[in-house]
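Residue numbers (our numbering), protein chains in the order written: chain A, 1 to 83; chain B, 1001 to 1083; chain C, 2001 to 2151; chain D, 3001 to 3151.
Hint data in this document are derived by calculation from the structure and do not stem from the laboratory.
Glycine residues also receive a C-beta, built at the ideal position from the N, C-alpha and C atoms.
Derived contacts from chain C toward chain B, CB cut-off under 10 Å, selection only:
#1 2049
#2 2055
#3 2061
#4 2079
#5 2111
#6 2112
#7 2114
#8 2119
#9 2121
#10 2135
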Amino acid sequence: MKILYFAWLRSRIGVGEEELSPPPAVGTVGQLVDWLKTLSPGHAAAFAETALVRAAVNQDYAGLDHPLHPGDEVAFFPPVTGG
Amino acid sequence: MKILYFAWLRSRIGVGEEELSPPPAVGTVGQLVDWLKTLSPGHAAAFAETALVRAAVNQDYAGLDHPLHPGDEVAFFPPVTGG
Amino acid sequence: MTVHVQREDFDPGAEIAALGAGRPDVGAVASFVGLVRAEKDDVSAMTLEHYPGMTERRIAAMEEEARRRWPLDGVTVIHRYGRLVPGDRIVFVGVASRHRAAAFAACEFLIDWLKTRAPFWKLEETTAGGRWVEAKDIDDARAGRWEIEKP
Amino acid sequence: MTVHVQREDFDPGAEIAALGAGRPDVGAVASFVGLVRAEKDDVSAMTLEHYPGMTERRIAAMEEEARRRWPLDGVTVIHRYGRLVPGDRIVFVGVASRHRAAAFAACEFLIDWLKTRAPFWKLEETTAGGRWVEAKDIDDARAGRWEIEKP
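The shape of chain A in the complex, shown without the other chains:
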């Protein structure tokens, strides 16, 4: 599963992209966040305040309960500040 990080999530985690294989129990975006938090202090810091984190699955915005499948592209980022 391809995981992308943008803005300060990328800064805290230290990489913008990683290829990971979560355990089979990880079936939703929320479960993925809980699992990612355990990977490193940087991951834990990035996801410390989940209220400030947004997600996209396969390049479309997705909620915490969005189901995940092998091969999905999942991205995490702060609220957008474009335009």
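For this one, chain A is given, so just place chains B, C and D on it according to the hints.
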């Protein structure tokens, strides 16, 4: 008093501008229209359907009851079709 | 504030750039360009007549009104007259503001006014000769209400 | 339909001309240009990061949504990324239509979406280093609602 005509009012009257001295009884735009109608068949044709004629006094839109003074610039034209 | 009533064409890009130039507080420029449409098969061109003097004064008054209603940093209005063919630019309204909602609202306010109240008249060239365009809202026109407008 | 997410500057005048070119049915082109504002004294520049791929797809989806809602003849969206300084152009939305009300509504709809939902993030350069801009509607951000959006 300077009187201006635009669009098909000008075509019917034959001139775009004339300097006229209405009689003292002409004190409003409406009274001016009634007097202008008597000047020529062209004037009568231009003002035949007053519902299709608009007026401006001193370059601001004005109603039939707008008062007139010597030296005023009065214009008559159809509903606008700009832009 | 810039108002031009002119025979010549204009450059929308240059006007938009001028509205933002040297004003680092301006974040938004909303603009409108009106083009002559090829609406009727028998119309090859049109001539736009206006009331010189009144046109400029009334547009300027509407600009002031727009500035009273919204916080604006710059306004440019250009309206052409004379002979135009389908595809020609006919009118430009550009509004600069810190706030995009204000820029849009003022821009739409000004073009709506120009389209319905500015003293312009269109003479279409047809195969059968010249034809004055009637106001679209013919019910309004026939209602016999003479314009009273205090901008 | 034209969507560009690019590092390079763009030419609003050329984009507006392209929206009307060769389409004599188009009578109205409404457009918006967003500029980088010099809002804070200590900010000399910013770097705009985005999510390549998702940005283009989501903008295209919103264009389709706009075309469903209004009768449009052409839509152009350009959004820059990378390093920008105050006064730089950052975003362009242009909409062509027979009807000016539709052109304005669709243009405002698209820029509102770009400003609040497109996956862009601003990193300000300050005298003290880089600083990620927080979303303006911080109450919204803190409400903990993860984005669910079906354009």
